[in-house]
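S.K.: In case you want the letters, here they are:
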Amino acid sequence: MEERQSNKAGGVGGVVLLFLVGFVGALVVGWWVFPQVLFSQKTQPIRFSHKVHAEQGLDCESCHTFAKTGQFLGLPSTASCAECHPDETGGTTDDEKEIDKFVTQYAKPGIEVPWLVYQYQPDNVFFSHAAHTGFECTTCHPDVANMDSPPPYHENRLSGYSKQTMKMWECERCHASMGTSNACYVCHK
Amino acid sequence: MSAAHQEFATKWGLVIDIDKCTGCGACMVACQTENNIAPEKDASNKLRTLTWMNVYELKNGKEFPQAEVAFLPRPCMQCGNPSCVPVCPVVATDKNEDGGIVSQIYPRCIGCRYCMAACPYHSRYFGWFDPVWPEGMEKTITPFTSTRPRGVVEKCHFCHHRWNQAKDAARIAGTDPNNLPDGAYTPACVEVCPTGAMAFGDLKNPKHKVYELSRSKYAFRLLERLNTDPQVYYMTKRDWVRRQGDNYLPNEKA
Amino acid sequence: MGLDRRAFIGLVAGGAVGTLFTPIPWKLADDAAIWTQNWPWIPRVPRGEVTFATTASKLCPSGTGLKVALAGGKPIMAYGNPEHPLSQGGVSPIGASEVYMLYSPSRVRTPMRKTGGKFEPITWEQAQTELMAKCKAAGNKVACISGDVGGTAGEALSAFLAKVGSAAMYAMPGEAGPAAAGFKLMGGQGRVGFDIDNADCVLILGADIFEGSGVSVRNRKAFCASHPLGKEQSAKFAYAGPVRNHTGAVCDAWIPVASAHLGAFALGIAWHLLKAGATSDAADMADFKKLVESGYSPDKVSKLTGVDPEVLAGIAKNLAAAKAPLVIPGSEMGQGMGPGSFIAGMSLNLLMGRLNKPGGAVALPELPAVFPGAETPSEILARDIVGYLKNVGEDKTAAPEVLFVYAANPAYGLPEAAAMAKALEKVPFKVSFASFMDETAAMCDLILPNSLTLERYDDVATPYGSAFCSLTLVKPLIAPIFDTKTTADFILDTAKKMNLALGHDSLEKALKEKAAVLAKSDGFVAKDVMPWQVMAGKDKPAYDPAGLWKDLQAGLAWVKVGQVAQTGLSFAAKVLAALKPAQAELSLAGMAPQRAGTPATGLPAQCLTAIPDTDLKDGASIVRLNAATAKKYGLSQGSSLTLSGAGGACPAKAHISENVMTGVVAVPMGFGHTAFDAFSKGKGDNFLKIMTASVEDGTGVTVWAGSEVKIA
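Chains as they are written, first to last, in the numbering used here: chain U, 11 to 199; chain D, 10 to 263; chain A, 6 to 717.
Be aware that a few hints might be false.
Said to hold, decoys possible - SDA-like, lysine to any residue: derived pairs with alpha carbons at most 20 Å apart:
no., chain 1, residue 1, chain 2, residue 2
1, U, LYS177, D, LYS246
2, D, LYS50, A, ARG112
3, U, LYS107, U, LYS177
4, A, LYS32, U, TYR128
5, A, LYS427, A, ASP450
6, A, LYS32, U, SER172
7, U, LYS78, A, GLY53
8, D, LYS68, D, ARG230
9, A, LYS328, A, LEU278
10, A, LYS362, A, LEU278
11, D, LYS218, A, LYS236
12, A, LYS585, A, ASP450
13, U, LYS78, D, PRO186
14, A, LYS236, D, GLN75
15, A, LYS236, D, PRO186
16, A, LYS427, A, GLY378
17, D, LYS246, D, GLN75
Derived by calculation from the structure, the hints in this document are not laboratory data.
All chains, full assembly: derive it from the sequences and hints.
M.R.: This is how it looks when you write it as structure tokens:
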């Protein structure tokens, strides 16, 4: 006669419990740890306050302009920022120190600020801002006009793109709902 | 993806007057630099080069001194009924946009080259090498066309980016981007051609030069009887040149 | 509570199933796919605004105005400037190379001195000190070979030579040289140009006017205007030459004539014109008439050239019937023609009364010089550089102590390469101002790299063949990428330090001065009205002379429609009487398409794909001959052969082309470089080295077009 060894963990019930532990653990890793590992966080070279500028009565198009050719120029150049901020303020507030940082590090030596762009598209995408002027900027872009500090920039460690880069399915969904063509060359180059 | 004939409101077309082409190659060079084709050290192996626009030398087959020569620039025909599109297993190439330009999406292409086999015009090219520019020369890459890695197929797209640019200019100027005036959109090859042998425009718009030109009695298309319906027209007053546009029987009239 | 095997499996299974409900597998797969789209070794496209700037091409001899595209301020591509009269939006493959050639692997990146057979980088100061010492020691034994004598930079070099007391300024060969020498022999004043725009019947004698000859982009635009798409042409073109080349391909007729016989062919047409009553008030009209009637009767010309007498008569009839006929003499390869051939061709223009007429040949005034002492381009062009170097090589002329080589590559670009190299080796101190490491630079003792077109101030002044005077400003669009300097600035500075001040501190200042001088002359800025329209009778537009510098900076061209009235112009009948057309069993014809670059540029990298495999294949040059010639020499398509002449030999492969006349081997020019980079080296052979430089009877000038060759 032999003594039957019972499952110390409590039989079938124990297996289920550990299955659940594994399951929940995976969910935690997948939804919480994984995104933190996948994306590195970067901050903008200058803490640019869109809010302060918006409060001055500037709208998006004041700085993010179109060229006559229809090309969207995206970010303003250092020279255009320096039109309003040519010299150090010499102030002591955080905002003034940040302005001085811009003036000394970029405006005076004439270097372009290496802004991190949240929504740069891949090289093979032609996105026409001119075709989308009917939309509010915030339809696609974060509403930075209400932000005193630019939001952190999350870079995908694997693909190299920003977390906020719009995916092709999002473009296609909107085009489809608007009745706009989803032909390949509408967006690709 | 369809084998059926495609028709759009706008039909971008090229009319090339063979009688005016001197064969200088300015179009080929402009095409390469505009569309980021890397220079090749040994370009004499024509099976390995990427020539979206290629100039062929035609001969009338006669002996000296009756011999004649002509030059035929060959872009992608942007066929109304493209042979390349239905054979693509991954829908990397398609004819689905207004204007009728056959698209080619490089990241989607798996490099099977069915389209190259299907194209009767040899307009498609396979990238055998990674695009590598001599050190520093990569600074002359244009933003117009994305670079392609080796292993995918590429071809002429009528400088499609220039259409996008023209449409954007119209939008900002407040004019209709879908009804561009003649000359607002011109591919690089047409722009630089010193003898003005090429004209470009909407084949369906009577206000565009190509409308009349494509209907000229001197106009013809290559391999017309394959029913590929190309959007590229050629013109010549020379019968022997016209006869090379298709496979005619000796007694057949071109 | 321990963990046994079953529990562990349960945990792993839970984890695995749980993972499927997280983004991990899907996001990773997606991102991995995206990761493969951007390999780090494949360059990315630039961002930033695309803007356009203007300048003009210095590498391209046709002098086209350029429209340069810049992305984020960096040049990315060159197009033709639609507002420029010599371009009108058209551009040659060389003009289009101006942007990417900035980064050519063959660029000389810093001044270099040769020590012990090897180049070592030195500073500009060291180079200048050494150069000044050599120049001081040399006294007036300084010579210069220049590939650009028309512009203000050429003027500075010429003024420098004048200052040290030397007259040894030579231009690289082209068609401008024999034209200048020939016109001088005819007693003409000014520089010859051809108004193709207003001509309605053009007979081209050899000149590859739609490819390598003269203002070829302008010429092609003129052809474009007279051949509107879908409409009837308003001008007829006939091409006479040994090969139906790029120019011949679009002409209404091709008359096969060997290069050496083009002069006789022209005089054969003159015979018909004279018979039909053509005359001229030239002093030696009677001599000319007598010469043509006795020596160039239809059967004599036909016997020599092989042209059917009826064809000859037909051409003469066409010319006589035309309202604005024009004859353009030249050479199929853009060099090697003699002044005698040029005079023979020009005699037709004279007989038809086509000098200084709309649609005819025009004598243009020289542009005013801003460097005192500089010679006019015509004076320099009329000199025989090949004859000079041959004499140096054979010790008949003393070699200069110091030789400047500017925008030129004589070690590659002259006939009888071996003899020329021998002559160059006799010069104890050679200085190259090359931008690229060319064959001549490689032989030099000092290389002082010139900044490239897009990096410097310069100008393009009335290129050869143009029917109007013009000046286009070349201005820097990018700071020099390497440690290079504008040669003219360096020369001006060196002269100043040698107490030989030339009058200006910098080329930019000299150009401003030139603009100020030109503003006072009778020109205008070509914008809405083009100079050929003014020649045809349209009113000259008003313009603001004070704004000329600004207009030039905007890429517009200053132009002048003005002809030099001729007094005492003759047919140079004595020269023509001495002409003895050479008879060769087999002769060479050069094909010099622009896509093969120039001797000074090497093969432009992006042009290689445009070079057909019937010119170059697997590193071997391919020469063209027709079936009859091939049969005579036992050759067929693809067979290997060796061409020999002038003490040299070139291996090649045969390509049967019926567009080459019998008894002629057409050879592709621009290959066979031994310097430059991998884009130029080891590709075919340089057929100039087997071209025999012989002396033209009557003019004494060296010629090598259509030189005799043997097939081994």
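S.K.: Check each numbered hint against the structure and report the violated ones by number, ascending.
M.R.: Those not satisfied are hints 1, 3, 12, 14, 15 and 16.
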